[in-house]
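Asker: Chain by chain, the residues run as shown.
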Amino acid sequence: MLIPHPILGSRDAREFTYLGDVRLVDRPDPTGPDAEAAFCDYVFLRDNPAGVHRELWFHEQGDRSCLVVTRSTITHDILGAELARDFALARKRGGE
Amino acid sequence: MTRLSGGLVDRSQTLNFTFDGKQYHGYPGDTLASALLANGVRLMGRSFKYHRPRGVFSAGSEEPNALVELRSGARQEPNTRATVAELFEGLVARSQNRWPSLGFDALAVNDLLSPFFTAGFYYKTFMWPKAFWEMLYEPAIRKAAGLGSLSMQADPDAYDKGFLHCDVLVIGGGPAGLAAVLTAARSGARVILADEDFRLGGRLLAETETLDGAPATDWISALETEFESLPNVRVMRRTTVFGVFDHGIYGAVERVSDHLAEPGDKVRQTLWRITAKRAILASGATERPIAFADNDRPGIMLAGAMRAYANRWAACPSKTIAVFTNNDDGHRTARDLAAKGVHVAAVIDARREARARGDYRVIAGGMVTGSRGRLGLRAIEVSTNGRREWIECGSLGVSGGWNPNVHLTSHHRGRPVWNEALQAFLPGADGPAGLLPVGAAAGHFSTAQTLRSGAEAALRALTELAIAAAPPVLPQSEESGYGVAPIFHVAGKKRAWVDFQNDVTVKDLKIAHAENMRPVEHLKRYTTLGMATDQGKTSNVTGLAVMAELTGKSIPETGTTIFRPPYTPVTISVLGGGDTGPHFRPRRLTPTHNWAEAQGAVFVETGQWMRAEYFPRQSETHWRQSVDRETKAVRSAVGLCDVSTLGKVDVQGADAGEFLNRLYSNVMDTLKVGRVRYGLMLREDGFAYDDGTCARLAEDHYVVTTTTANAGLVYRNMEFARQCLWPELDVQVISTTDAWAQIAVAGPKSRALLTRIVDGFDLSNDAFPFMACAELVVCGGLRARLFRISFSGELAFEIAVPARYGHALMERLMQAGADLGATPYGVEALSVLRVEKGHVGGSELNGQSTAAMLGLGKMVSQKKDAIGAVMSRREGLAGDIRRIVGLQPVERAGKVVAGSHLFTVGAPQNLDTDQGWITSACYSPHVGSMIGLGFLENGDQRIGEVIVAANPVEGESERLRIVPAHFVDPEGARLRD
Amino acid sequence: MKFSGFRVFAEALKGNTGWRPLWRNPEPKSDYDYVVVGGGGHGLATAYYLAKTFGQSRIAVLEKGWLGSGNIGRNTTIIRSNYLLPGNEPFYEFSMKLWEGLEQELNFNAMVSQRGVINLFHSDSQHDSFRRRANAVILAGADARLLSREDLRAMVPFLNFDNARFPIRGALLQPRGGTARHDGVAWGYARGADLRGVDLIQNCEVTGFRIVDGKIRGVETSRGYIGAGKVGVAVAGSSGRVMAMAGMRLPMESHVLQAYVSEGLKPILPGVITFGAGHFYISQSDKGGLVFGGDIDGYNSYAQRGNLPVVEHAAECGLALMPMIGRARLLRMWGGLMDMSMDGSPIIDRTNIEGLFFNGGWCIGGFKATPASGYSFAHLLATGSPHETARAYRLDRFSRGYVIDETGTGAHPNLH
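Protein chains in written order, with the numbering used here: chain A, 8 to 103; chain B, 2 to 978; chain C, 807 to 1222.
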C-alpha cells in the first residue's frame, strides 16, 4: 500500500503503524453522566464498515505524524489523507 | 538424437549435464527440457497420485509434468520445471516421486488401483479402526505424497530485496509487450520491462513468421539495442511479476544467477517491489489440451510447445509426430515441423470442415481416442465417423485452444469474462486499477493485432499520465484469424487426464458431479483439480468445461476460475531476502556493549536488545554463583548496570505537566522541579500498561522512562494522545532512548562512588534526597543527568550521559569505584534485586493485571481523569480480588517455580479451585532461599498462610508461605539513607 | 449412503457409477424453526448439532456463496486446546474431544491428525509463561508437556538451534494437537446435517432481518423472505456487515489474514510448529505442501487479499526458524476475512433482539473451535442457555470488564 502523506507525499505503508478507526479521536467526557457506558462504546464498539473507512495511521518510521486516512475496506483504494492533529482540532472546534 | 536444424541455440559451445546420473549434452540457449528432448529423452517424471510415467508437456512456466530436483547438496531445489531451467555446464538434475527408478516405479501400482483412488476417496475410508489413521493410513499417504525433496540444509545462497519505481511497467516481452515498451520508451517515460524468459521475444521466438519480411529476431535485436541506449528504460530478463498488490505495487522476482552453476559473488535472486503508475499486462496465452483416453503418455504435449521446441530449440521428441487439434493453430505445428523434416503422420482436426495447410494428412472430424506406449508414446488411436485406426507416432501435439494469461487481472479478485468466439476467459473490467491487458492476454491472437494492442495501451497509459507520445511504426506482420471449436474432451470409458500433475481425470469430474460437488470451488477442492504446482494453468478451463457439459449449463453459468498470487511459485528464500538466521531482526546494542563483552559478559536477548545477563568470573562455574555475587555486591557495596534500554521520552511545553497528568494514573503536574515521581500508566480499557519514572527538569520539561519492552508502544501512545486526543495542549514529545546512556549505580556505597566523578555537585541526602533529579556536569566537563531512584531497594542513582560517552563513563565508574567494590551486574541480578524488593516487572505487568492486583491501586487518582481511569472502575476490574504477594518455601530448600498455580492446602486442583499463579521466582541470596512473587486471590489478607504451588507439567508441588511482596527493607529506609 | 473402505471397493467394481450427492440442493421453504446464517464450518456444525444432538427440525442454513466458502475453506488447519485462560480452555478442550470422535460420528474422514503442536519459547520469561499455560491446560484436563532444548532437538532436529537471532530454549508441546482437512470438516458436517433433514441453501444471501416489536420474525434474502423462529448468525468476518442490518455494532473489526502453501514436498514436518520470536506457524499437509501463516495485515479489510510486507515477514520467520525450507517455493497465497474481537476471544450469545443469536469474534483461530462452536451455539439456540464451556463468551463482558485477553494486548484487534 501507499499512503498519500499530506506533507511528505506518497509513502510506503511499511513506514506506518495502523491505529484503527478514527473515532478513537473522540474520547468521551470522563465526567459525563454515563461516562462508563460512553467509554465502553468508545473503546470496544466499531462500525467496521465494508466500504469507506476513516482510520488513523501513525508514521512511526517517518515524521511521527498521525494521519486520518480515508480508505475503502473493500478495494483498499485511498480517497484522502490529512493530519490527525488538524482533524482533531477541527473536531474540537466544531464540538465547542 | 532428435536435434533439428536451425533454432536459437548456440552450437559453438557444448554444455554437459546429467539427468538421473546419465550424461548428456546441450547448448547455450537450451532449457533442461529442450536439451533432454534433443537427447531423445521423453520420460522425465511421474505423476502425483498414480505415478504414471510422464514427459514434458509444455515449453514454459505452465509445465505440470517435467518437474525435477535440480542441483545437489544444499542447493538441491525440488519441483523445478525443466521447461524453464536454463542449461548450464555441469547441471545436475534428478527425477522425483519415484522409487526405485524413473523407469520402474514401485508405486505405479497405484495406477492399477486407480478405481479405488478416485476423487475424494480418502474422505470415505480410512476411518476404522480409529487409531489407525495416525498410526498407519496417514503415514503411508504422507510417504507416498509430496513431490521433490528438500536437502534439509540451509540455503547457502544470498538473496536481496529492492524497490523500483516507474511510469509504465510492461509485464512480458513478447510482441505486445515489446510494442508497448517501444511506444513508452520513446516518450521519455520511465519504463520497466519484466520478462520471465531469458530471451526477449515471447511467442515470436517459437514461431517462424516474419516481421517486415525478416526473421522476428531481427526486429527484437534492433529493439534491444534501442532500449539499451535509453536511460529511461530498464529491461529485466528472467524476471517474473508474480503478484499485483495495492496501489500499483507489483511483486517481481529476478532470477539473477539461476542460469549459472553457482552465483559466485552475486545474489541468487532478488525480490523487487515495483511501484508503477501504469502497468501493461502482456503475459500472452497458455495453450490447453483436449482430454482423451490415455492422453498423458510421455511424448504427448501441447502442439504449441512442440512447435516451440522445434523452432526455438531445434528439438523434437520424435521423428514421427501427429497433431490433434480443434483449431487452426494446431496446423502451424504440423506445417513448421514438416518444414524441419519431421514426419507428420497426421493432423487430427476435430472440426469436420478442417483442411490441410501444408503437405500432411488431415483427418477432419477425427478424434484421438486412445494411445499406446508404456514409457513413451508409440501410437494413437483415431476415430472418425465410427471408424478406428491406429497411427504410429512418437509424439503427439495437442491443441484445444488458447487461454489468455489473465492471472494478474484477478489478483484483486476481479473475475475473467467468458468469450464465446474465442472459447476462452478474457480479463474482466474489474481488474486492478491501472493494469491494462494487451496482446494474447487480452484475446488478440494475430501478431499484427497483438503489436497494435500493445502500442495502443502504452499510448493510453501515457495519455493518462500526461506524457506526450507518438504511435510507433509497427512492423508488417500476420493478420491471420484464429478459429477454435468448443471441444474440450473426447468421450470414452478410459481415463482422460485433465489435471496431469494431480491425476485428475474426466472420470473424477463425473464423480464430483454425481456427488453434487458442482460449484467450481467444490469441484477443485474435492478433486484437487488445479491445486498442483502449475496452479491449473493447463487444466482449470478444461475442468470447468467438462463440468459445464455434465450439468448441461454454459461455461459462464458453471462458474469462473480466478487466480491468486503468485503467478508462478516463488522461492521462499527470496521472500525472506537477507533477513534470515542471525539477521532475522536487528540487534540493538547498549552503549556499554563492547565494554561488557571485554569483561566476558554473557548476553541475553531482551526484545531487540542484547543485554549483559551476568559477568562470570574465572572461578565461577555456574551462572548462579555470578548472579549471587553480583546481587550481594549491590546489597553490600556498589553495583553498576547499564539500563539504557529503558525507554526515555523527553516531554516539553507549557502544558507538559497537564499532558502527563492525563497519561499517568497518578498526578504529575504537582511534581516539583528537580524531583522524580514513580508513574503508572493504564490502557484506556483500564488495565495496567506500563510503569516508569517522571523527572521534572524544568517547569516545562519532563523526562519520563518506560519499561524496555514497552518503549515503542508507550511512545506511540503518547504521540497519539498528543496529536489526536489533546491537540490543543502546548506539548512536544520525542523519544531519546538511543540518545542517552544510562547506568544504574546502586548500593550503600553508590553515593561515595558518584561523589568521585561529579563536578562540584552536592550529593548529600539533604541536597539530593531520594527521588531527586538534576542536570549536572561529571568527569570534568561532561553534561549528565542524575536521578536518585532505586529499583533494587538500596541507596541508588541512575546517571545518564550522551550515548557516545556511555562506554567511557562505565570505565570511569569502575576505575573510581575499584576500592569500593564496584561490581558490574547484569539483568539476572537486576531481576533478583527487583523481586527481593517486590517491584513489578514484565511478568506482572503482562497486560492482564489491574493496578490493584499489582498493589498499586492507590496510584489511580480518583481526583482527576487519565487514560484508563473510567474503565478501570468496571465491575470486572474493580471486583478482581487477586493481589500480589511474596512467596517463600516452607522448607528452606524448597523450590519456587514461576508458572506454578496456587491452591489452598488440601483442596482439589482444577480450574475452579485455582487461586492464582507465581509470576516471578528466583534464588534470593538475601533471604537465603528461593522466593517468588505471585497473584493470589485475597492475597493481601492471607499473609502467613501456607498454600500449595502446583506445577503438574513438571510433576512438582511445593508448600509455600505467603509473605508481603518485599523481602528487603520493607520500610524503605535504605533507599532514603 | 454409509461410507467405508468396503463401499469404496464396491463402487470401484461398479465403475464408480453409484455415488450419490453428498447433500441436496433444496429450494428454501417459506419458514423454518431455525435459520442459521452462514454456511461455513461454524454454521454447518451448528445445524448438524441442532438436528443430531438437540433433536430439532425445520432447520435451514443460508449461505451467500458455496458451502464452506468462509474461513473453513481457507485456513492453516490447526487444531489445539492449549489455552491459558479459564474462560477459554474448557471450551477448546471440549472442541478437541469432539474432534477426536468426529470422523466416526460424521462417517466422513476429515483427516483429523493428532501429530502434535509445538510452541517454541526463546526466553526465560516466555518459558515461565508457557509453564503457567501448560499447568492451566493440565488443570483443565487437557494435555501439555514442556520440552527442553535437548528434547526438542531430538524431535525436530532441523530447526535453527545454532545460528538464530533468538535461540530456541525449549517448547510447549500439546501431543493431541494437530491438523484436520479443513474442507473435509465442512463437507462432513454438511452431509451430516443434510442427512438429518437440514436444508442447506447455497447462493442465498441474507439482505435484512425482519424484526417486529424487538423480536425476530425472519430474514430477507436474495432468494426471498424466509420466516424463522430463531436466527443464529455465524458469519465470521462478515459479522459487522450482517449484524449492522439488525442495528447492532459489535466489539470487533474485520481484518485480512494471509496464509501460504508451498509446492508439494516429501514429508519433513511431523506436526505443527509455532515460532515464539515472531508470529508464525507451520505444518505440512498430507499432500506435502508446507502450510504456513503469520500476522494479519493489520488494517481493516473486507478485500480477502493482502499485501507483500506481511508475506515477506512470514517468509523471514520461516527461514529464521527452519532455514532448510529456503529452496522450496511458495505456491499459493490467499487472504481470509477475520472477525477480530476486542479481546481476542469469541462471542456466543443472545442479542437484545429476541430470537436473534450471534456467534463470532473468532479472530485468527476459529477453525479449531468449529465442533465446539457449533455444539455450543446449537445448545444456546435450542435451550436458550449457554453451554457450560461457553459461558464466558458473552457480549456484555466488555462493558462489565470480564474480557478474555489471552495475549494481554487490550482492545487492539490487530494485535491479537
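Where hints are given, some of them may not hold.
To be verified - For lysine-lysine, the following DSSO-like pairs were computed, each having C-alpha atoms within a straight-line distance of at most 27 Å:
| # | chain 1 | residue 1 | chain 2 | residue 2 |
| --- | --- | --- | --- | --- |
| 1 | B | Lys495 | C | Lys820 |
| 2 | B | Lys50 | C | Lys1072 |
| 3 | B | Lys131 | C | Lys835 |
Because the hints were derived from the structure by calculation, they are not lab data.
Since the structure is predicted, the reported quantities are computational estimates derived from the model, not experimental observations.
Asker: Identify every previously stated hint that the structure contradicts and give their numbers, smallest first.
Answerer: Violated hint (a single one): 3; every other hint is consistent with the structure.
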